[in-house]
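Student: Please construct the entire structure, taking both the sequences and the accompanying hints into account.
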Amino acid sequence: MRDLHLSLNQTQRVRLEAALHELQSLTPAAASAAAVTVADTIPVNQEDNILKGHGTSDQDGEVVATLCGVVERVNKLVYVRTLRARYKPEVGDIIVGRVIEIAPKRWRLEINFSQDAVLMLSSMNLPDGIQRRRTAVDELNMRSIFEENDVICAEVRGFQHDGSLHLQARSEKYGKLERGQLLTVPPYLVKRKKQHFHHLAQYDVDLILGCNGFIWVGEHVVVDEKVKATEDQQKSSDEAENFTPLETRKHICRLANAVRVLSALGFTLTVELIIETAEASASSNVEVNDMLGAEFYVQTAEREAKRRADLLRKKNGAR
Amino acid sequence: MSAQAGTGTYSPAAASGDKRRERREELRRHLAEDADWPRADGRSFHDCRPAFMQTGPTTAASGSAYAEFGKTKVIVSVFGPRESKKAMMYSDVGRLNCNVSYTTFATPVRGQGADNKEYSSMLHKALEGAVMLHTFPKTTVDVFALVLESGGSDLPIIISCASLALADAGIMMYDLVTSVSVSCFGKNIIIDPTSDEEAWQDGSLMVAFMPARKEITQLTLTGEWSDGKITNAVELCMDACSKLGEILRDRLKDTATLTNE
Amino acid sequence: MVGLSEGEKHFIRGGIAQDIRTDGRRRLQFRALSVETGVIPQANGSARVRLGATEIIASVKAELGKPSILHPDKGKVSIFVDCSPTAEPTFEGRGSEELSAELSVALQRCLLGGKSGAGAAIDLSSLIVVEGKVCWDLYIDGLVVSSDGNLLDALATAIKVALSDTGLPKVNVSLSAASDEEPEVDVSDEEFLQFDTSSVPVIITLTKVGRHYIVDATSEEESQMSSAVSVSVNRNGQICGLTKRGGAGLDPSVIFDMISVARHASQQFIALVDSQIAAAEADE
Amino acid sequence: MEYVDPLTGFRVDGRRPNEMRKLKGEVGVVARADGSALFEMGNTRVIAAVYGPREVQNKGQQVNSKEALVRCEYRMAEFSTGDRRRKPKGDRRSTEISLVIRQTMEASILTHLMPRSQIDIFVQVLQADGGTRSACINAATLALADAGIPMRDIVTSCSAGYLCSTPLLDLNYLEDSAGGADVTVGILAKMDKVTLLQMDAKLAMDTFENVMGLAIEGCKAIATYIREVLLENTKRLECQRG
Numbered sequence: 001m002r003d004l005h006l007s008l009n010q011t012q013r014v015r016l017e018a019a020l021h022e023l024q025s026l027t028p029a030a031a032s033a034a035a036v037t038v039a040d041t042i043p044v045n046q047e048d049n050i051l052k053g054h055g056t057s058d059q060d061g062e063v064v065a066t067l068c069g070v071v072e073r074v075n076k077l078v079y080v081r082t083l084r085a086r087y088k089p090e091v092g093d094i095i096v097g098r099v100i101e102i103a104p105k106r107w108r109l110e111i112n113f114s115q116d117a118v119l120m121l122s123s124m125n126l127p128d129g130i131q132r133r134r135t136a137v138d139e140l141n142m143r144s145i146f147e148e149n150d151v152i153c154a155e156v157r158g159f160q161h162d163g164s165l166h167l168q169a170r171s172e173k174y175g176k177l178e179r180g181q182l183l184t185v186p187p188y189l190v191k192r193k194k195q196h197f198h199h200l201a202q203y204d205v206d207l208i209l210g211c212n213g214f215i216w217v218g219e220h221v222v223v224d225e226k227v228k229a230t231e232d233q234q235k236s237s238d239e240a241e242n243f244t245p246l247e248t249r250k251h252i253c254r255l256a257n258a259v260r261v262l263s264a265l266g267f268t269l270t271v272e273l274i275i276e277t278a279e280a281s282a283s284s285n286v287e288v289n290d291m292l293g294a295e296f297y298v299q300t301a302e303r304e305a306k307r308r309a310d311l312l313r314k315k316n317g318a319r
Numbered sequence: 001m002s003a004q005a006g007t008g009t010y011s012p013a014a015a016s017g018d019k020r021r022e023r024r025e026e027l028r029r030h031l032a033e034d035a036d037w038p039r040a041d042g043r044s045f046h047d048c049r050p051a052f053m054q055t056g057p058t059t060a061a062s063g064s065a066y067a068e069f070g071k072t073k074v075i076v077s078v079f080g081p082r083e084s085k086k087a088m089m090y091s092d093v094g095r096l097n098c099n100v101s102y103t104t105f106a107t108p109v110r111g112q113g114a115d116n117k118e119y120s121s122m123l124h125k126a127l128e129g130a131v132m133l134h135t136f137p138k139t140t141v142d143v144f145a146l147v148l149e150s151g152g153s154d155l156p157i158i159i160s161c162a163s164l165a166l167a168d169a170g171i172m173m174y175d176l177v178t179s180v181s182v183s184c185f186g187k188n189i190i191i192d193p194t195s196d197e198e199a200w201q202d203g204s205l206m207v208a209f210m211p212a213r214k215e216i217t218q219l220t221l222t223g224e225w226s227d228g229k230i231t232n233a234v235e236l237c238m239d240a241c242s243k244l245g246e247i248l249r250d251r252l253k254d255t256a257t258l259t260n261e
Numbered sequence: 001m002v003g004l005s006e007g008e009k010h011f012i013r014g015g016i017a018q019d020i021r022t023d024g025r026r027r028l029q030f031r032a033l034s035v036e037t038g039v040i041p042q043a044n045g046s047a048r049v050r051l052g053a054t055e056i057i058a059s060v061k062a063e064l065g066k067p068s069i070l071h072p073d074k075g076k077v078s079i080f081v082d083c084s085p086t087a088e089p090t091f092e093g094r095g096s097e098e099l100s101a102e103l104s105v106a107l108q109r110c111l112l113g114g115k116s117g118a119g120a121a122i123d124l125s126s127l128i129v130v131e132g133k134v135c136w137d138l139y140i141d142g143l144v145v146s147s148d149g150n151l152l153d154a155l156a157t158a159i160k161v162a163l164s165d166t167g168l169p170k171v172n173v174s175l176s177a178a179s180d181e182e183p184e185v186d187v188s189d190e191e192f193l194q195f196d197t198s199s200v201p202v203i204i205t206l207t208k209v210g211r212h213y214i215v216d217a218t219s220e221e222e223s224q225m226s227s228a229v230s231v232s233v234n235r236n237g238q239i240c241g242l243t244k245r246g247g248a249g250l251d252p253s254v255i256f257d258m259i260s261v262a263r264h265a266s267q268q269f270i271a272l273v274d275s276q277i278a279a280a281e282a283d284e
Numbered sequence: 001m002e003y004v005d006p007l008t009g010f011r012v013d014g015r016r017p018n019e020m021r022k023l024k025g026e027v028g029v030v031a032r033a034d035g036s037a038l039f040e041m042g043n044t045r046v047i048a049a050v051y052g053p054r055e056v057q058n059k060g061q062q063v064n065s066k067e068a069l070v071r072c073e074y075r076m077a078e079f080s081t082g083d084r085r086r087k088p089k090g091d092r093r094s095t096e097i098s099l100v101i102r103q104t105m106e107a108s109i110l111t112h113l114m115p116r117s118q119i120d121i122f123v124q125v126l127q128a129d130g131g132t133r134s135a136c137i138n139a140a141t142l143a144l145a146d147a148g149i150p151m152r153d154i155v156t157s158c159s160a161g162y163l164c165s166t167p168l169l170d171l172n173y174l175e176d177s178a179g180g181a182d183v184t185v186g187i188l189a190k191m192d193k194v195t196l197l198q199m200d201a202k203l204a205m206d207t208f209e210n211v212m213g214l215a216i217e218g219c220k221a222i223a224t225y226i227r228e229v230l231l232e233n234t235k236r237l238e239c240q241r242g
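Chains as they are written, first to last, in the UniProt record's numbering: chain C, 1 to 319; chain G, 1 to 261; chain H, 1 to 284; chain X, 1 to 242.
Hints are supplied without guarantee of correctness; some may be wrong.
[As the list claims (entries may be wrong)] Calculated lysine to any residue pairs in the SDA-like style (CA-CA distance at most 20 Å, straight line):
1) X/K66 with C/F159
2) X/K66 with C/S164
3) G/K117 with H/S78
4) C/K88 with C/K194
5) H/K66 with H/G132
6) H/K74 with G/E198
7) G/K229 with H/V105
8) G/K71 with G/V109
9) C/K314 with X/G242
10) H/K9 with C/P245
11) G/K117 with H/V105
12) X/K59 with C/E101
[As the list claims (entries may be wrong)] Pulled from the structure, derived: some chain H residues nowhere near chain G, Cβ distances all over 12 Å:
13) V134
14) F192
15) V231
16) A282
Derived by calculation from the structure, the hints in this document are not laboratory data. Glycine included, C-beta positions come from ideal geometry on N, C-alpha and C.
Tutor: This is the structure in structure tokens:
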């Protein structure tokens with residue numbers, strides 16, 4: 001399996017296979033039947049006047065898939081929902097990205113899309129919070145806001161007419177992310193939800209699930225203290241006093257490893273599942289590092305199979 | 001080269017194949033006896049070759065230095081700081097670019113010096129820690145070393161000579177870097193080995209050292225070593241490096257007084 | 001190539017200071033190691049080693065050759081490393097040459113011993129078939145397929161495993177009376193001689209971050225290093241090679257301390273590698 | 001040498017003339033790449049890794065900003081051939097094969113959907129036993145599909161040769177170096193179009209048609225296999241995603 005090449009022993013291998021098989025049997029047959037690969041014909045009723053969406057093309061009157069994925073039909077629209085692929089932006093998506101370059105009046109960001117994204121100086125709130133025209137001085141001070149390699153959270157604003165992707169950060173919740181770690185997962189594992197920022201108060205941790213598959217796990221920052229905090233940091237020259245508290249750090253690493261295990265297994269990353277996995281590891285006294293070992297990996301697969309089976313049973317019972 | 005480099009008399013270099021082999025046989029015999037033997041050039045184990053170093057052999061460069069240790073002759077030119085040629089990303093610190101090359105006649109067998117490809121990156125690593133890169137942001141300093149003749153301990157001599165050339169070029173440094181290597185034969189350690197000695201060594205150890213700061217910038221070791229032996233060898237090298245550092249310092253002072261006059 | 005923001009760097013440094021790294025490891029803990037042998041059937045011995053997301057394939061090929069005149073009683077071993085662009089797009093074209101050369105030299109330094117052959121990982125005299133006439137030339141190649149830091153240690157491990165997988169065909173030589181003539185050589189297809197790999201060392205790279213040392217650094221952690229020391233240690237705890245990496249100067253006492261820490265860590269790692277080799281052999 | 005046994009009709013490695021070597025395809029073998037695959041045809045074994053589509057790294061290489069830039073590099077591992085010889089990187093053969101693979105894949109990739117970006121395909125030969133360029137193309141197809149890059153069609157490639165008056169499918173190194181004709185074909189499987197055709201040596205017109213027909217049959221069989229691998233993988237991902 002990708003990312004984790006574990007040396008499983010014989011029993012672990014059998015258990016893992018059983019769990020994965022269970023997952024397969026729990027998936028509705030329709031979903032698996034709708035799977036297509038490149039160049040598969042997608043059966044459609046030609047009289048329906050269908051609209052060909054993402055991942056399809058017309059070949060001699062047939063609708064043909066150009067990607068591997070699952071066929072989705074919404075009214076007249078037929079498209080292929082991809083699994084493993086780079087990020088496909090939609091307006092309003094919350095993303096996490098890394099600054100690559102500072103250009104005149106704009107930052108360029110790597111966001112796992114087919115191009116770099118652009119964040120204009122005019123599309124973000126200045127540190128003083130006042131709405132005003134950007135001056136030449138602001139332009140010269142851009143590096144003091146974000147510099148190369150900074151990790152930033154922002155929102156997709158949309159495509160400009162020249163085909164470039166623009167972002168915006170017009171809210172206090174967006175901005176630079178510090179004191180934590182960035183993880184990258186395939187974007188299809190992150191579902192678009194109402195909420196992508198999660199303050200896990202019980203751990204004092206911020207978890208941001210970027211739609212582009214960049215996931216931030218870091219120390220919790222209170223929004224209006226953000227500005228002050230950076231000032232504080234500059235003041236205290238002694239780094240050691242300023243480190244993330246050990247307890248919080250353990251939580252961050254545990255949550256990060258939960259994300260790593262779940263993404264290696266290809267499970268959709270919801271905040272609930274991440275917390276559940278982290279909790280499960282803590283309650284069964286699995287060391288943070290051992291979460292990446294074979295045993296916990298198999299256990300996680302088994303737990304997920306059981307969880308989905310229960311869910312299905314409840315659903316059927318309710319009916 | 002200035003007149004003082006010459007020794008007055010000169011004798012033809014005896015480097016024919018037979019003689020080389022004879023010398024090696026002799027070395028082997030000594031090793032078998034495991035006694036203190038005189039080295040081919042008459043030194044004792046812990047004697048370095050006389051170091052002749054001078055600044056300013058090339059005028060086109062920002063700084064340059066020439067070093068001659070026995071048969072090993074090295075010339076280093078430093079250019080810059082000048083604008084980085086490569087389209088690089090924005091960088092707060094300068095770049096140090098090092099290149100070591102051999103003349104085709106540097107070794108007994110023509111063109112053999114080209115085997116030492118890694119010397120460029122080794123030189124870079126030895127110097128990197130001493131150069132104050134932040135004093136020339138967005139620019140590059142080029143260090144070009146040319147080995148005119150290879151006579152053993154090439155890399156340490158290149159490193160020492162390069163740091164002299166950097167100082168001559170007025171590049172800001174935390175300290176000079178000097179370097180010395182030792183060879184190990186059985187339980188004996190000999191300092192500043194010649195090519196012949198290097199060809200028969202059981203192991204070798206090289207230290208690049210900042211004498212005033214007492215920090216090691218580069219350390220390499222081959223062959224099997226026990227702990228105590230490493231400590232001894234490193235200390236021996238550091239002591240030699242400190243003394244070599246004094247020589248470098250004197251050369252720089254000489255140059256300074258000359259320019260003042 | 002990893003670019004990290006100041007915040008992330010600070011977080012990594014803090015984790016190392018507090019002895020819990022970003023993936024939860026302690027400072028002297030290795031990532032998961034997995035080992036496979038016989039991955040290149042055309043070679044005399046081969047291995048695939050994965051250390052976290054770093055993946056290496058090593059191969060050993062033996063060819064009959066002639067010993068050099070200077071060392072008539074010894075075979076020859078050469079080590080080369082190549083970094084595939086599959087691991088990192090920047091390795092394309094000549095992009096990996098510098099790194100490959102650096103890794104090759106470091107491995108040669110650690111595994112081949114001194115010029116006289118003393119302290120080598122492989123006893124060169126065991127490669128002799130007929131003194132002065134026929135010997136084995138061993139070509140050891142390492143290929144970096146996927147890279148996430150600590151390439152040198154992973155390469156050395158892969159080579160150690162590949163050597164343990166290597167069988168040299170038995171050679172029968174019929175010596176003709178005239179010593180000038182080339183001896184006739186008959187290479188057996190069936191009988192193989194196993195290598196003695198017990199003296200092959202492992203390489204432990206200690207990366208210094210702040211005041212602390214860590215083993216098995218990921219590429220993110222490597223971007224934080226001020227300096228690193230790679231020490232090759234054999235089973236007896238003897239040091240067989242050493243390379244300092246990274247530019248910053250180190251106090252001599254720190255280096256000696258790092259050597260002793262590396263030696264300590266090496267014994268654990270050797271045991272881990274040995275158990276993985278045994279498991280890989282049992283799997284075949 | 002008898003490449004085809006006159007009595008039994010079997011080839012040196014025991015195959016029938018129109019029999020392909022054992023195929024193996026696996027996606028997701030390189031952790032950090034956007035898409036990756038391992039492809040084996042008998043003893044020939046290659047890895048392909050795809051990086052991108054991502055911002056064009058070197059703007060000078062960009063020809064047309066409305067289409068993605070496709071790049072390819074082919075590399076042989078030092079240990080990949082039977083006799084070990086050191087070759088300089090970027091030798092002519094590698095450059096030629098890189099170009100062939102790039103052009104073949106470019107014909108299938110819907111480059112206009114990814115403007116201003118670049119796609120890098122790196123193929124690394126681990127073992128060469130004949131048919132490396134075919135194996136590389138097949139691996140690249142798998143890796144591109146794994147990276148979720150839109151394609152017109154599945155591209156596959158296979159070779160066929162003509163020895164001992166017999167058309168032979170999927171030559172191994174021994175047969176390849178026998179000096180007979182060697183036809184490498186690449187096809188767009190569903191569209192039934194040939195995108196790559198290379199031949200060494202000479203063949204009579206009607207024999208050529210037979211040999212090429214055999215290679216095309218081979219390509220189709222590989223296409224069926226590759227689609228199975230991809231479908232299997234897609235279903236697995238979808239099931240696990242839940």
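Student: Taking the numbered hints from earlier one at a time, note which ones the structure violates and give those numbers from smallest to largest.
Tutor: Hints 7, 15 not satisfied by this model.
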